[in-house]
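Turn these sequences into a full structure, and let the hints guide you.
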Amino acid sequence: MNDAAERFTTYTYAQRASAGRIALALFLDPHNQPISLVDAPGVAHLPFKNLANRPCRLVHAKVAILGFRHTEHRDKWYLRLLVSTGNWTRQTLEESLDLAWAVDVSSDELNQAADEAKAACADIKAANNLMQWLRDGANGLFDVRLLQSNQATQDQLDVDGWIRECVKEARGIAPRFFDNRDRSMLAQLPQLVNKISKVSRNYLALGSGFYEGEKTTVPQKIIASLKDAGILTRSAEIDLFVNPTACQSIAVSFGILENEGVTVSPAKAPALLFKEDNVRTLHAKFLFSANYSNNSNKCNSSWIYLGSGNLTNPGFAKSMSANGGNLEAGIVFGADGLLWCGDKKGEPLAKVVTNLLPIEKDGEKRALPELKAGEGWEPEPLSHFAPPVPWLVWYERENASELRLPDSVAGDISSFVILNAAGANVQQNDESHFPWTGAQPQQVRCLWKVSNEERTAWVPVMDEFGRIAAIKLPLIVNMEEAWLQLSDFPNPPELHEPDETDGSAEDEGKADTSSNANVTAASNYPIRQMMELVEQIAGKQTDIQEHDWPLWCRRLEQTLIQAKGSKVVEYFANDLKMNPLAPLRHASFRPEYAEDETTDAGRRYGYALASIQNVWGVQDLSALGEEP
Numbered sequence: 002m003n004d005a006a007e008r009f010t011t012y013t014y015a016q017r018a019s020a021g022r023i024a025l026a027l028f029l030d031p032h033n034q035p036i037s038l039v040d041a042p043g044v045a046h047l048p049f050k051n052l053a054n055r056p057c058r059l060v061h062a063k064v065a066i067l068g069f070r071h072t073e074h075r076d077k078w079y080l081r082l083l084v085s086t087g088n089w090t091r092q093t094l095e096e097s098l099d100l101a102w103a104v105d106v107s108s109d110e111l112n113q114a115a116d117e118a119k120a121a122c123a124d125i126k127a128a129n130n131l132m133q134w135l136r137d138g139a140n141g142l143f144d145v146r147l148l149q150s151n152q153a154t155q156d157q158l159d160v161d162g163w164i165r166e167c168v169k170e171a172r173g174i175a176p177r178f179f180d181n182r183d184r185s186m187l188a189q190l191p192q193l194v195n196k197i198s199k200v201s202r203n204y205l206a207l208g209s210g211f212y213e214g215e216k217t218t219v220p221q222k223i224i225a226s227l228k229d230a231g232i233l234t235r236s237a238e239i240d241l242f243v244n245p246t247a248c249q250s251i252a253v254s255f256g257i258l259e260n261e262g263v264t265v266s267p268a269k270a271p272a273l274l275f276k277e278d279n280v281r282t283l284h285a286k287f288l289f290s291a292n293y294s295n296n297s298n299k300c301n302s303s304w305i306y307l308g309s310g311n312l313t314n315p316g317f318a319k320s321m322s323a324n325g326g327n328l329e330a331g332i333v334f335g336a337d338g339l340l341w342c343g344d345k346k347g348e349p350l351a352k353v354v355t356n357l358l359p360i361e362k363d364g365e366k367r368a369l370p371e372l373k374a375g376e377g378w379e380p381e382p383l384s385h386f387a388p389p390v391p392w393l394v395w396y397e398r399e400n401a402s403e404l405r406l407p408d409s410v411a412g413d414i415s416s417f418v419i420l421n422a423a424g425a426n427v428q429q430n431d432e433s434h435f436p437w438t439g440a441q442p443q444q445v446r447c448l449w450k451v452s453n454e455e456r457t458a459w460v461p462v463m464d465e466f467g468r469i470a471a472i473k474l475p476l477i478v479n480m481e482e483a484w485l486q487l488s489d490f491p492n493p494p495e496l497h498e499p500d501e502t503d504g505s506a507e508d509e510g511k512a513d514t515s516s517n518a519n520v521t522a523a524s525n526y527p528i529r530q531m532m533e534l535v536e537q538i539a540g541k542q543t544d545i546q547e548h549d550w551p552l553w554c555r556r557l558e559q560t561l562i563q564a565k566g567s568k569v570v571e572y573f574a575n576d577l578k579m580n581p582l583a584p585l586r587h588a589s590f591r592p593e594y595a596e597d598e599t600t601d602a603g604r605r606y607g608y609a610l611a612s613i614q615n616v617w618g619v620q621d622l623s624a625l626g627e628e629p
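In our numbering, the protein residues as written are 2 to 629.
I should point out that these hints are in silico values taken from the structure, not numbers from a laboratory. Any given hint could be a false lead.
Below, a list of computed lysine to aspartate or glutamate pairs in the EDC-like style, where the Cα atoms sit at most 20 Å apart [to be verified]:
| hint | residue 1 | residue 2 |
| --- | --- | --- |
| 1 | K269 | D229 |
| 2 | K541 | D597 |
| 3 | K77 | D30 |
| 4 | K362 | E259 |
| 5 | K373 | E213 |
| 6 | K565 | D576 |
| 7 | K77 | D161 |
| 8 | K50 | E455 |
| 9 | K222 | E259 |
| 10 | K541 | E166 |
| 11 | K473 | E397 |
| 12 | K541 | E73 |
| 13 | K373 | D240 |
| 14 | K565 | E481 |
| 15 | K169 | D76 |
| 16 | K299 | E238 |
| 17 | K77 | D549 |
| 18 | K578 | D544 |
| 19 | K541 | E465 |
| 20 | K199 | E397 |
| 21 | K299 | E277 |
| 22 | K216 | D183 |
| 23 | K228 | E259 |
| 24 | K119 | E73 |
| 25 | K119 | E166 |
| 26 | K269 | D109 |
| 27 | K565 | E536 |
| 28 | K362 | E455 |
| 29 | K50 | D137 |
| 30 | K578 | D549 |
| 31 | K228 | E261 |
| 32 | K568 | E399 |
DEER-style ranges, computed between Cβ atoms [unchecked claim]:
| hint | residue 1 | residue 2 | range |
| --- | --- | --- | --- |
| 33 | N151 | L273 | 42 to 50 Å |
| 34 | K568 | R456 | 47 to 55 Å |
| 35 | E96 | G256 | 43 to 51 Å |
| 36 | V253 | D137 | 19 to 27 Å |
| 37 | S322 | E399 | 52 to 60 Å |
Note that this is a predicted model, so its numbers are computed, not measured. Glycine is no exception: its CB is placed at the ideal position from the N, C-alpha and C atoms.
Structure (C-alpha cells):
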C-alpha cells in the first residue's frame, strides 16, 4: 500500500508521515492483517467492530473511487472509478492474471458532458452509493471514526462535492456498475446485458480464479440465464477457463460440463502483455460474449463482465448476507471494435480479444492438462479489531507530556490500557489521562477486553495540529527555513526518508526529517528576517485558492509554531516586546474570501494566527511601529 499511496498522492513516505493526513481509506475483509498508519502513512485501514450482525459473508468487492485535484488550477478536479478483479496486493501485480476497468470524469468534461461522460457519471453515482454505505460503517461492521477526524473530513467534503456534480449529470441514465447488496450478480446480469443490446450471441467465455469445492452449478446457471433471456443462442459455443492445477469443483464436474457443450480450457496470459515464461495463475472473474462468424474477424455485439465475484454461489448466485453471499461488485459494458485475432491487415493488437482477456480461441487453444482440485481456501484468523478509542491526543507541557482520550469517546473503556515503549502498562492519572515519558510517539500499543477475551491493537496519536500518526516535527531555527516550509505550498516540503520504525516512542527522534536542518542561523538583523517572512507569507496567501485555504492555515500554524524557539522569535518577544505577526491580520494581506472574521475562512485564519501568537508569547504585545 505504500507504493499505491505514493503513486496516488505523489508524496514520499516521509512527506506523508509528516503531513499526518488520510489520503486512502481501506475497507477490507476482517480476515486481512492490519496495516497501520505507520506502516503506510496516509492509508487508513479501518478496523471492524461488530461481527455479530455482519451484513455479508466476506467483504470481497474490489472497487475504488479516487479524487485528484489539478496541481496548478486548483478549482479543476478529476474522478476515477476503478473496478478490479484483483486484490490490492503485490501478488495481484506480480503473480496473478487479473483484470481491471476504469472510467474517468473531469470538471472540464461536465461543462459540455457528452453521452460517454454522462454514462461515466452514472457509474460513479452507483459506485459511490456502495462507498457511502461503507463509509457509514456497513451496518455497523466497520469502525469509521478515523474518517471523522478534522483533517480527514475536509478532503472527503471536497471529493463528495465533485461526486454530487456527477450525480446531476447522471439523471435518467442506467449505470453499468452494480453490486449485490440487494440482488445477486446473476439476477442482475441479463438486464444489464439487454441495456447494451438485445442481440442473441453465439459465443460465451467464462473465467474464474476460484470455483466451489463441491459439484459446480453456477456456470450452468449463468449459461441458462443468458439463454432464457434470449441473449445467448441455444447452440452457442461456450468456453470455461480455469487454473488446471487448482480448479476446485471443475475437476470433478469436467465430464458433466463437457456433456452440456462446455469446453474447459486453461487460461492463458496475453502474449501482448507477458512473456512466454511469465507464469501467471488465473484470478480474474469475467464473462465475455459476442457473435462469431467464419467470414469476419470482428467480435460483433460483444459485452464483458468483470468484477470481484467468483463463479460460485457466494460470489455470483447469491445476494449479500451473513451466511450466504459475499459483498461483490462489478461492471457490464459493451466492447465495440474488438477482433478475434490479429492478421495482416494492420488491425491494432490492442483490439484483439485474446490480448485483453486470458482466453484462447479455436486453433490457438492448448491441450488441457490433467485437472486438479487444488487446496481449499482458509481465511486468516481475525485480528483487526477496533479498539474502544480511535486515536489518542498528544498534550505537551513544559515539564510533562501525556496522552489524552479524544472528546468523542463514549461507552465503557474501563478495560482499556496503553503500553509504553518497554511494554509496561501506563496507568491513568486522576484526570483520566495517560502520563507519557519520552518523545511523542506516532502510535501506541493498547489492550482491552471483550467478554473476558483480551485484544490488542496499535492506536494512532493525534498531535496539537490534528495530524494523525505523524512524525515529530523538527524545530525551525531561522526564518529562512520557515519560508522554505511554506514556499512550495500546496506541495509538502522536501524531507529526508527516515529509517523504518514501528512508530513507538523508542523510534522518535532517530531521523532528521528536515532537508533544511543545516540552514544557517539567523543573521544579525532579526527585524529584517522577520519582516521578509511576513511579506513572503502575505504575498503567498493572497493568491491561495479557497479550496486550499484550510490546508494553508494548518501549514502556516504548524510551521510558525515550529519556529517558537528561534532567536528571531525570542528577540521580538523578549527584547523588542512586539508582535511581528500583527500585519498579517490586515485585509490587504489576506485573500478576499478571508479578509475578516465574518467568514469561515477568515475565522479559521484568525484562530491560526492566535494560536501562533500564543505559543510565541506575543499575543498581548503591540505591533511593530505602534506605541506600546
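Hints, one by one, checked against the model:
1. K269 / D229: violated, 30 Å
2. K541 / D597: holds, 18 Å
3. K77 / D30: Status violated; Cα separation ~34 Å.
4. K362 / E259: holds, 17 Å
5. K373 / E213: Between K373 and E213 the Cα gap is close to 13 Å, so the pair holds against 20 Å.
6. K565 / D576: holds, 15 Å
7. K77 / D161: The hint holds at about 14 Å.
8. K50 / E455: Since the Cα atoms of K50 and E455 sit roughly 15 Å apart, the hinted pair holds (cutoff 20 Å).
9. K222 / E259: holds, 15 Å
10. K541 / E166: violated, 30 Å
11. K473 / E397: With Cα atoms ~12 Å apart, K473 and E397 stay inside 20 Å; holds.
12. K541 / E73: holds, 14 Å
13. K373 / D240: Given that 20 Å is the threshold and the Cα spacing comes to 18 Å, the pair holds.
14. K565 / E481: Roughly 14 Å separates the two Cα atoms, so the pair holds.
15. K169 / D76: Holds. K169 to D76 sits at ~18 Å (cutoff 20 Å).
16. K299 / E238: holds, 16 Å
17. K77 / D549: Distance ~12 Å between K77 and D549 Cα, so the pair holds.
18. K578 / D544: violated, 31 Å
19. K541 / E465: violated, 24 Å
20. K199 / E397: Not OK: K199 and E397 at ~68 Å, beyond 20 Å, violated.
21. K299 / E277: It is violated: about 26 Å lies between the C-alpha atoms, which goes past 20 Å.
22. K216 / D183: Roughly 26 Å separates the two Cα atoms, so the pair is violated.
23. K228 / E259: holds, 18 Å
24. K119 / E73: violated, 26 Å
25. K119 / E166: holds, 11 Å
26. K269 / D109: violated, 40 Å
27. K565 / E536: The given pair, whose Cα atoms are some 19 Å apart, holds under the 20 Å limit.
28. K362 / E455: Distance of about 56 Å is beyond 20 Å: violated.
29. K50 / D137: It holds: about 13 Å lies between the C-alpha atoms, which stays within 20 Å.
30. K578 / D549: Violated: K578 and D549 sit about 33 Å apart, past 20 Å.
31. K228 / E261: Satisfied, since the Cα-Cα distance of roughly 13 Å is no more than 20 Å.
32. K568 / E399: Roughly 19 Å separates the two Cα atoms, so the pair holds.
33. N151 / L273: 42 to 50 Å: holds, 48 Å
34. K568 / R456: 47 to 55 Å: Hint holds: Cβ distance 49 Å, inside 47 to 55 Å.
35. E96 / G256: 43 to 51 Å: Given a distance of about 31 Å, which is not inside 43 to 51 Å, the answer is violated.
36. V253 / D137: 19 to 27 Å: violated, 42 Å
37. S322 / E399: 52 to 60 Å: Hint holds: Cβ distance 57 Å, inside 52 to 60 Å.
Violated hints for the displayed structure, listed by number in ascending order: 1, 3, 10, 18, 19, 20, 21, 22, 24, 26, 28, 30, 35 and 36.
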